[in-house]
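Protein chains in written order, with our numbering: chain V, 1 to 467; chain E, 1 to 784.
Don't read these hints as lab results, they were simulated from the structure. Treat the hints loosely; a few may be bogus.
One-sided excerpt, in silico: chain V residues whose CB lies under 10 Å from chain E [said to hold, decoys possible]: (1) Ile141; (2) Gln147; (3) Gly189; (4) Gln206; (5) Leu220; (6) Gln259; (7) Gln268; (8) Pro272; (9) Gly449.
C-beta: ideal position from N, C-alpha, C; glycine also.
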Amino acid sequence: MTATHHVRIDRRGFLQNTGIGFGGMALANLLADPSQGAPRRPHFTPQAKHVIYLHMIGAPSQLDLFEEKPELVKRHNEPCPEEITKGRDFAFIGKTSTLAGSPWKFARHGECGHTFSELLPELAGVADEVAFLHALHTEEINHAPAQMFLHSGFGRGGRPSFGSWVTYGLGSENEDLPGYVVLLSGPAGGAGTSLWSTGFLPSVYQGIQFRSQGDPVLFLSSPPGYTRGRRRRELDALAKLNGQQSEATGDPEIETRIQQYEMAFRMQASVPELMNIEGETKETLALYGASAGKGSFANNCLLARRLVERGVRLVELYDSGWDHHGGLEKRLPQKCRETDRPIAALIKDLKRRNLLQDTLIVWGSEFGRTPLRQGGNSNDQGLSGRDHHKDAYTMWLAGGGVRGGASYGRTDDFGMDIAEQGVHVHDLNATILHLLGMDHERLTYRYQGREFRLTDVHGRVVREVLV
Amino acid sequence: MVMESPNRKVLGGLLLLLALLPQMTRAGAGREAIASPREAGTRIRFEADIRPILASKCWNCHGPDEKTREGDLRLDGRDEAAHVLQADGEGPAVLIDRITASDPAERMPPPTSKKPLTEQEVHLLQQWVAEGAPFQAHWAFQPPQRVVPPAVQRASSVRNPIDRFVVQRLEAAALAPSPPAARETLIRRVSLDLTGLPPTTAEVNAFLADRSENAYERLVDRLLQSPRYGEHMAVPWLDAARYADTDGYQNDRYRYMHVWRDWVVMALNANMPYDQFLIEQIAGDMLPGATLMQQIATGFCRNHRINSEDGSIPREWHVENVVDRVDTLGTAILGLTVGCARCHDHKYDPLTTKEYYQLFAYFNNVPEWGVGPNNGNSPPFVKVPDSWPHLTDAENVAQVPEPLKLRRARKEKGNGLQRPQPGNDKTVMVMQEMETPRRTYRLVRGQFDSPDQSEVLVPNVPQALGAFLNEPPHNRLELARWLVDRRHPLTARVAVNRMWQQFFGVGLVKTSENFGVQGELPSHPALLDWLAVELMERGWDVKSLQKLILMSSTYRQSSQATPAAYEADPENRLLARGPRFRMHPFVLRDAMLATGNLLVGTIGGAPAKPYMPPRIWRAISNNTYQQDTGAQLYRRSLYTFWRRTIPPPNMVNFNSAEREVCVVRKDRTNTPLQALTLMNNITFVEASRCLAERMMTHSEETAEAIEFGFQVLVARKPTPGEAELLRAAYESFRQEFDQDPDRAADLLSVGESPRNEALEPIRYAAMTMVASLMMNLDEAITKE
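So here's chain E without its partners, still in its complex pose:
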């Protein structure tokens, strides 16, 4: 009986502790870690010291939302709060009295809010009021300004301007950057970052042999030109775009959007400027003389889930479609939680409900139906020529989608639900603008059946973001152009921040989904702005900006540090070392397929259905998963069929986004399910067997074979100690299989690819276990 053993209990507790540690260390760093501590006797900094208090403790009742405002008091801006904060009035004293009152009836915030001020917060507010209660406009709503990179003492650590910002911050904290990473580490890091694949041993050797000045730069250039680049870089965008192969919700039936996914890969490989990348996806259909390619790009706006459950109310789910487009625009491009304003004025950011529905109006004019066809694409869709993606000029012309045709789903009975005609696998969903736009109203409390018909809303962008405009963008195309206006405060910052997040594990703004008032302040505000301006001034040239980041000393630092350094800055916000974190689940699978020489490099096309545990779809419905055979089993993970309600478990176990809604940031956990997946999942076991084959074919000497396999996985040679441990493990496995040869054959039978009959089974099986052991090394699954 498990519970009776006290020792196991302690151990269990310890494991729980360890299971929780990453959450706490990584999530717990909080605001304090980034904002450098305010020195005693210095003045209050509104952004860092005061706004967070006001926002979390006061604004719910004294902020921008009119509906919940109490006592006609606003504390969210200088003008709004003037009457209580003017230094010569009685206001300030009253304010301090209220927050320090001992009488619960007087005390602010009231006890019912369950958000009491801490003593420290009261002190800060007192000092702030004493200093005249200065307000500051929220940084992210001001356009980024070109900043001059600061001068630093440690000039030897500077390769490009990025390093100046980083080193300055380190020097202020009396820290020094780490030395450069070993060259083996660096080529593995940058290969994983740009292509999602580890370098081959030949590539590692060539790089190590190349002692020329610009060897690294040429490496970066080569990787940026690799067709693997677009596949790898597409993944975060597919997560943000909630791309999937099914509709989601109850029935979760098939849709066909892989042509849009291919468009993304091609656009990234071609280094399409980011402004164009956005314009085409939001409004490619409205461009003058639009091509079919540009029309297909707008699939971005159609990737939301579509409900097709019998008994649904089409009006209701049509609203959900549009809401999803607006919310995705908010999270993926603006870095704002605009969705909050669907039901009430935003509690923290300057965004009213009316403004939310004015954004809604841009996306509300698609000739669509709120309920899907229950298998197949939902109108509007266009036919994809067989020649895709090699379109002729004649083919590459935007099409007029076939008009919506409704039919009754049930002839006599029921509520008469109507469904649209389905598009087959030769079609792709696109955006289309109705000739007469739908009327858009504010929906009271966000309810589809409560439009406020007193006012028809015209499309417009939130005043706080669009103040630089003379007149509002009138339609979706103008909206897209507004997003990439040089004066836009958010688009470029959000984009460079996501690049940074991808390379370093955490963005300069940690909350990459929220640059609003409740988001985290940037760790390096000046660097963020400098990069944003740089991106725009380089004509939104993504590869060039990425190269700049990757060429910096900051990126090239070693990730080895003392435990104390990891303790002091667990998320590496100060960037005193290089990035080190477990790989993305797609990279993990692709890397292991590559090390086993199993990876199939075909780009694009219909989704693949690799190995899945039997009957797994049965948990949801009677649809069965028809597993592919042959090459389709070994395609890159971005091509894996994505069923929203039951995504591939070997990906989900490693924190992949579920693709239900837009996601731009996921936590990285460390769980026993991950260990089980890597040890036992057929993909990884088969890859181990194939790696073992490579090892044994490389050398008949055990030690050499193991050294080779180790290098394939982590790009460096094992230390003598490591080599000896692995050799000893191999010997013990071999001896065991000697006693038990049938089991050796069993192990070698895992996976569809044929085993190498020329290899002696006992040694082959033992080597397979060694390969699996090495694949489970922390180093093998970590970018470092």
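Here chain V stands alone, though its shape is the one from the complex:
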């Protein structure tokens, strides 16, 4: 053990005495503590360095966006055949619900011929960048547990989020900003902050929420009466006093604390700079449909680009309002109008800045929606709403390492069940980790005497949609 400690001292001394530019990852590698076995370098060459995760809270209807089902449309409003619902639990609807076809038109787009409904014209315009997983399935039928399951591989909370795993696995690449940033448009949804919590991982890996109103990071602004100069002088005095204490006690924790105050001071400048989109060109703002001072999804997409540009490893966007048990015909088009353009803009903007090749975009939700109608009455010919559906739904990937235009998985004629090429949430998470250069079976953390993984004891990399 003594030897290990010597190594660590040498590392520290080495770092303090050299001026060469390490990236955070290289540093992290250097720091890998063999006694802990913590992975800090990718297991193999990563294809993506950053992730932008677009989580549509509440579950968009895949059957009205990506999944064209003529049979379902043909039999719209007919009672659902019993063999289809056998053995299934639904959250709200009874098994006697009627089949519900989509009222929207679908068309093929791009060279790949991906199908999109008319609700997503902008995304359809970048069809060839997108790879679909059409037969995703999960374990939970309610929002909070399913959200936790998607992000932590476990439906009951207490486990590290995907983002924490990634930050733990790879360290951070940026210098003045947290490595894992969360942006919300609307409420976060049932699972709350646990979606970006570290669970049992050390809390330095937690996601930090950047807010559109008030302090962008909680407690970022100095109290009234402070100026930046005054804060600087305060911190100088603080550092001297803490330095003396460090010498008196010998506890290295104090030196760390001094550095954390410096980081905090720099965040006080870097975060507001980041959040201020006024310097973006009119063209860029228009591309996203963003406008300064709003907490919109469009603004968040633009911020996601700005974060990735600055080396932030992981950006999660949560957009709420997708839980359409009723009023789907009005509310889904509205949500699509809010998000379609910004998402397409994000893809285009990253691409023209040569960032898309390093950035993985994930779009999806905790589950999908049923081919059965919810709400309305028997005389009602419309759609009304759809219930939660965990057995087959769609998510898509784009960017670093993803084979744009690919499509994997197919559901049955009703969209109720997987016909072939099913992908479990654990498989999705294994795939994302793979793109980041990590083997999901080796990214482990020991807790309560056991090696834990994001993918538990499951997971298969879906190579079919990778470059």
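Please arrange chain E on chain V, whose structure you already have, making use of the hints.
For chain E alone, coordinates are given in the frame of chain V:
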């Protein structure tokens, strides 16, 4: 553009390094640091050298779990492994062949396991087999035995038996204990440890002036009798008991359990023996002639989250309620990861899935509903008399809870979800036993809808822990009594270990949540057992045992050491110095409120809603946070309203437990968010202003005022160098505010408490900044 600057990049990298350092130093110490290195030529020690290898590399396929067992081979016990390990058979040679084979098809563990043996591990296994492959039963499953404290050379370092165990270990490592801490340090340390509050300057001065032999002992006695003791000591138990003011999950609506929290504070203040403390919380409702107090204590078993999301399946979430009770029992009382056996036989510890559901059976007989009322307490609950907590004898009688009444949540549409009637804020949730217990089955893979109906399970405790019993505990009350049986191997050890963890920062068993095979070995096994036996023989007298620990030389050591000493033993596992670590977030806030004379001492009652950043709850739902005003802003942190899905950020930033599930250990990080919180959060800024007021009222002389404030915060006087630095800072702030008087007024407006109009604003603002600076000192937020 940030990324273009190479210097900043280096700096950033360095900061990352520094951000990671505490994790690495603190977490990385590992097994090696505690188990003293085995000397060359000595025999293999099974617990330290072999079991960890077998457990992490072999038992997944060759351990207790039948489902995953390969080749009908078990390596988890002498008898089980006899056929391959008998020295005269061919087994041993075959075993060695397999672990050293170069052919991947032969090699064990197989490459697919991704857990290859290291060269060192192969050597250890070879030597172990050569020595006849002795097994040893896991230490934590054997009852603790009274040990005679060892003799040591350094008798002058021994005040009580605890020190003998510690000094012996130090002497073996050729180390010496540290000298006693300065008296100012000691009174601050012990005050923070027993009451969660720093000593007042008057208390410090009185202690410094008291040169009598037993001054320290009287100090400890006084603190143990303080009503602040129970409030402070309750916090780790509330974390373990996952106490909160909301239900958790999607809706996360209100519940009312603060009466149970008050019960905990009162029980601790009254020094209720730990055995009784457990019995009443697990089965107080079943005690003969149960009082209302005892019934309320069982709220412990009802503090789990309750799902009330529309569309939930009640059967499913009922199982989750019961599972949470079992898992909490496991972590908080047994120190075992029993939850592993919910879906499969435990991979490492002797706990089968069947045994898990037999434990489950004790907690499965509550007349409850799996889905909550979506605001308010879930049945069963009882009415709390208005006189609480001063109950009359007539009131203090257990009540029969109002029976469960279900109503349809949606009249026509939907799946017909039914919800129970809600209990209002004059009720508290309790345990109740159904007359006819529910049938309990093993749930295949832990799934609520896959009961194995071939066998109805009777309640029982795991065989490995209950071997001393003639017959199994039949119900929850008997289960509780079994936990505190003098022969129980775990309960007392787990309890004293948590006390140790609270005082020293790390338990004697570092993994305080896991005493099982995969947990860490104790740093001082004999001391742990001695303390466990002592606790039981003192009639589970908690305060008396705590006093014993606090009276030891070990506790009273100085925490100052050389950097080399900190490097060699970052977690202080050998105890060659006193404890030094950043305060718990609750203590941090309470201490700063106290130094600003803001703290309101009211004990108990409905939760308080202190300052929160605006709109913070909006991230979750449309519920708004109705911030309190006046005294409720300054209550102790244990009374802060705890919403599980969005707990108070100024607490979470300092690693408070989230209270979703049982937690008995949290890491202590050091992050920029903590710096931002302490510098800018309204609570701390207001406290600085109020401390500044105290300083200026204390003396009109700047230097004296600063010295006083410094003493209030850290209990010692500043050195001349420190005093000069602070005075210079004050002067520069004052000059700046002179040029900018409006800003002085701005700063003085922070917080709801009125500013002192008699004080001159420029000096007041400058002094507020000095007070804030001092509150941000590492020393001010650290127990040392």
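- Task: Answer holds if the nearest beta-carbon of chain E is closer than 10 Å to that of Gly189(V); otherwise answer violated.
- Result: It holds, given that the least Cβ distance between Gly189(V) and chain E is near 8 Å, below 10 Å.
- Query: With 10 Å as the cut and Cβ atoms as the points, is Gln259(V) at the interface with chain E?
  - Reply: holds, 4 Å
- Under 10 Å, Cβ to Cβ, is where Gln268(V) needs to be relative to chain E, so tell me if that hint holds or is violated. Status holds, d = 8 Å.
- Does Gln147(V) pass the interface check with chain E, least Cβ-Cβ distance below 10 Å? holds, 9 Å
- Query: If you take the shortest Cβ to Cβ gap from Gln206(V) to chain E, is it below 10 Å?
  - Reply: holds, 9 Å
- Task: Classify the hint on Leu220(V) as holds or violated, based on whether any CB of chain E lies nearer than 10 Å to its CB.
- Result: holds, 6 Å
- Task: Identify whether the interface hint at Gly449(V) stands, where standing means a beta carbon of chain E within less than 10 Å of its own.
- Result: holds, 2 Å
- Using Cβ atoms only, decide whether Pro272(V) comes closer than 10 Å to chain E, and label the hint accordingly. violated, 13 Å
- Message: Is the interface hint satisfied for Ile141(V)? The criterion is a beta-carbon contact with chain E at less than 10 Å.
- Response: holds, 7 Å
Going down the numbered hints, you'll see the structure goes against just number 8.
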